[in-house]
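Trainee: Residues per chain are reported as follows:
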Amino acid sequence: MKKKVLLLLVLALVFSVSVVQAADKVTLRVVTMFAGADPVSEVYQETIEQFMAENPNIEIIDESATFDDSVKVRFENDFAAGNEPDITMYFTDAQAAPIVESGKVVPLDDLIADGVVGEGILPSVLEQVRYEDGNVYAIPITGFYEGLILNVDLFEKYDVDYPTSWEKLVEAIETFKANGVTPMAVGLGIIPHYQIEHSILKVGGAAAHDAGFENGIHPMWVEGLKNIKTLYDMGAFQKDTLTQGWEGARALFKQGEAAMIVEGSWAIADCQNEGANTVTMIAYPKSGPLGNPTDMIAGFTSGMYMSKEAYNDPTRQEAVLKLFKTLTSPAFIKKAAEANGGLPAAKVTPEGLAQPYLDGLKAFQEAEHISLPIDAQIPRPAWTEIVNGIAYICVGRRTPEEVLQAAYDVYLEIEGQ
Amino acid sequence: MTTNISSKTGLLTRIQNYFEDLKPGKFFIYMVLIAWACTTILPLVWVTNNSFRTTSQIVNEPFGTPDSLNLENYQRARDRINVLNSYKNSLIMSGTTVILVLLFGGMAGYVLSRFDFRFKETINMLLVVGFMVPAFVTVVPVYEILIKLDLVNTYLALILPHTAGNLVFATLMLSAYMSSLSSELEEAALLDGATRWQIFTRIFVPLSRPAFATVGIFTFLWSYNDLFLSLVYVSHKKVQPVTVLLSQVSTMYGTDLGLQATAVVVTVIPVLIVYIILQNQIIKGLTQGAVKG
Amino acid sequence: MLSPHSMGVIKIKTRQDKKIIFLFLLPALLMMTIFLFYPIIRSIYKTFFIAVHNINPRYVGLRNYLKLIKDPVITISIKNTFIFMGAVIVFEVGLGILLALFVDMIKYGKQFFKTVYFFPIVMSAASLGLLFRLLYNYNSGLLNSILEYFGYEPVLWLDAGKALLMVMIPTIWQYVGFYFVIILTALTKIPDHLYEVAYLEGASPFQRIIKITLPLIFQDIRVCLILAITGVLKVFDMVWMITQGGPFDSSQVLGTYMYSTVFERRLFGYGSTIAILIIVLGIVVTAITNKILGHRGVTIN
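Protein chains in written order, with the numbering used here: chain A, 1 to 417; chain B, 1001 to 1293; chain C, 2001 to 2301.
In case anyone wonders, no lab produced these hints; they're calculated from the structure. Any given hint could be a false lead.
What the hints assert, rightly or not - Result set (DSS-like, lysine-lysine): computed pairs, CA atoms no more than 27 Å apart in a straight line:
#, chain 1, residue 1, chain 2, residue 2
1, A, Lys104, A, Lys177
2, C, Lys2291, B, Lys1120
3, C, Lys2162, A, Lys229
4, A, Lys168, A, Lys72
5, A, Lys25, A, Lys168
6, C, Lys2211, B, Lys1023
7, A, Lys308, B, Lys1237
8, C, Lys2107, B, Lys1026
9, C, Lys2070, C, Lys2211
10, C, Lys2162, C, Lys2070
11, A, Lys322, A, Lys334
12, A, Lys362, A, Lys334
13, C, Lys2234, A, Lys72
14, C, Lys2110, B, Lys1026
15, A, Lys25, B, Lys1238
To be verified - Ranges between beta-carbon positions, derived for each pair:
#, chain 1, residue 1, chain 2, residue 2, range
16, A, Lys239, C, Ala2203, 54 to 60 Å
17, C, Val2284, B, Ala1188, 41 to 47 Å
18, B, Arg1202, A, Glu59, 47 to 53 Å
19, A, Lys239, C, Lys2079, 26 to 32 Å
20, B, Leu1042, C, Tyr2038, 41 to 47 Å
21, B, Gln1075, C, Lys2079, 44 to 50 Å
22, B, Glu1121, A, Lys239, 50 to 56 Å
23, C, Asp2159, A, Ala406, 21 to 27 Å
The beta-carbon is built from N, C-alpha and C at its ideal position, and this holds for glycine as well.
With the sequences and hints as input, model every part of the structure.
Mentor: As structure tokens, then:
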């Protein structure tokens, strides 16, 4: 028995050192979100394999993963402890702080200006991912747009106009309700959901939506949250909305039991439910005096970072730049956008997109103003406070003012004021 | 032919006799046991069933049956990860964890059950504290240690934290089991001049075989099922355990319910095998036999 | 036949024994110190800071502890956790013991029951959570489909009044098998001749259980209770999969609230404070349990 134990221990030790690298090869560690169920993962794998075939002296260790909590923990600590990957795809919004402030990623402005990286990337896109210190650290691949996804079959069946205005939205809600169809699939109980930013944007306008907490609580945020309660009281949402999250809402829409859902471009394919539903996407209707019917929530909130460690290492600089350029090239961006239906970050036109994506893109191009979602603009703890308050607001247990005050208090606390 | 019939009638009589012997109490016991078994079997049947269906079919009819034996989900699982290699990784990491836990936990459990000493209560309290520590508290400091020791993405990166984490349960369980074992043999062995180590390995380990098997089962299960730590400590494809498949079915683009069911089936199989093997150790009577031998 | 527990314990007599105790405990304590106790100390330190995303910590003194005292969700979570604890003791451990005693009594199908009762434990919480969401679902969920079939109105199974109950049922159901296996293991150490003697003396099965079985596995039951009670303080995955603590925090327990504080709100300092609360509660409740149960128990002689 004892001998067996020792044998196995030795075996474990032997195996554990088996992951060593060949000395003459340049090794690059890459982490992206293109793994598992992500639609881009196939295109990404092909690109990586092709790159390795063309560059036999470069070995790529791909640690791409579906981004969940544990992966975020890994990233935040890899950067803190100096174990960062050479190329990392990560968020560029309020969540980027652990990566950028570790001081371990290369600021890209000079390299972009010199034409070393960022070939063909749209300047407006780079502006969106500029960090609060004034530098660009990441090059985005694809972005998204959000709006109201409609089940066209149901709209045709009950002869309802598309909800392009508040009046038409109310009319649609009444008609669907009368016919036993859930008007809007929404999960207000479990985060995240997209109703909040759209109600605020379409009630208060882009300026109000983008105000953040720097100057206190914007009064239009209160009105926006009140608008959600109005819809709830109207019976616009699914009956179990307070006990559902986005997955429950999406499942109801997929079953063809709900006529509308507020979602992003990433959800379009899923909403079609393998062809069972015909869908389209329009801009969320103007819902208050200051809203603009064409405005949309859209943008780029993730991108590729390059580590200083690899870039400043003369033996690896060439290799890491080569791979970084490949993964941010217009050719790769085009393929990625075709796979996930997102907005390309470079001047390319994705081909072969399905009709709902073309509808959504058209709405995006017609938008007068584009805003990043609120959760990309305010710190996560404050945002979560608002999200968790929505169910309370809908049933009247807390007022929008109280919820926003609580969120603002959290904001002040973490900003150290 | 005749033998066949006779054995059949033999079986029938046996069943008939059995039901005649069945007292109302026994009948009630069987009813309870069968009722509970239904609740535990049906979910696994449901998941296995769904592993042959597409996401759309599951969404539209969550409790429907498959049209055909559709193996598409299994092919997709194979495309997504190297299933065989991941099985190997899982077995090496969880297997080594089990051995270390049984060895260290057995030693600690023996001392705690058989000796009285000054810090015993303190140690018992520390065990409870150790049991309460949530994974998010340990994940960051341990990850820092693993980075410093250059162990990230090696088998030890998961083996060591899992051993520590499961030692608490192992020590508690084994010391509880040993504490009510007979002390006759032990005293006799002491008089014969046996060392404590000999008493531990020759008397207590064989006597506590069922408890070691149970602790082994749960240590294996928890180590094997721990997705959270494995995604942090062993993210490299070469060392990834098979449960990683479970994390690769859902993104904001949608949840692949068919693949999710398949991932459950694929990951459950080795645990059930280990359970059935080790569970055969949990049998009454082994106690006496082991000591005689 | 049965002797008091204390007889099995050896008082330290020699220096030799002290060395043995030290050497036997060393590996376990070393591993636990590095991988469990050191992280706890680190996390106690963190409770004095505000650190969003676990970076740029800012010292705030006792602010996180004051917040903990004033936080209404903490009050709800503690209350729910203790309700959960009661249910777990009675149903999870209770059913585990009952099923183990039953399986021990029968002749046919032992192996079958032992195997199938283990199924729920091995299935991932994600898949079981999905299953129960589909059972509870308002729209075409299995329970509501049955109600509608018999002409009743559909029910909102996960509303604020029922959510806690609805997450307790699957959590308890999943872990009954765990205690079943542990008790079954404990039963193996009772030699058959004890039962035979009792049988000859004319004891009924019920008497045998009370007089022989339960006293002999008392230490194991005690461990089960401690595992169950401390386990409840950590309950998280099934609740998270089904309700995420909602609606209106009605099914919030300490485990889910800690998780959402760390991973949703990304407040590491406050999350660590909740973790410390959980550990302290665990120690207190275990101490009380031990006090109530005492260190009774017998050995086989």
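Trainee: Can you name, in rising order, the numbers of the hints this structure does not satisfy?
Mentor: 1, 4, 5, 9
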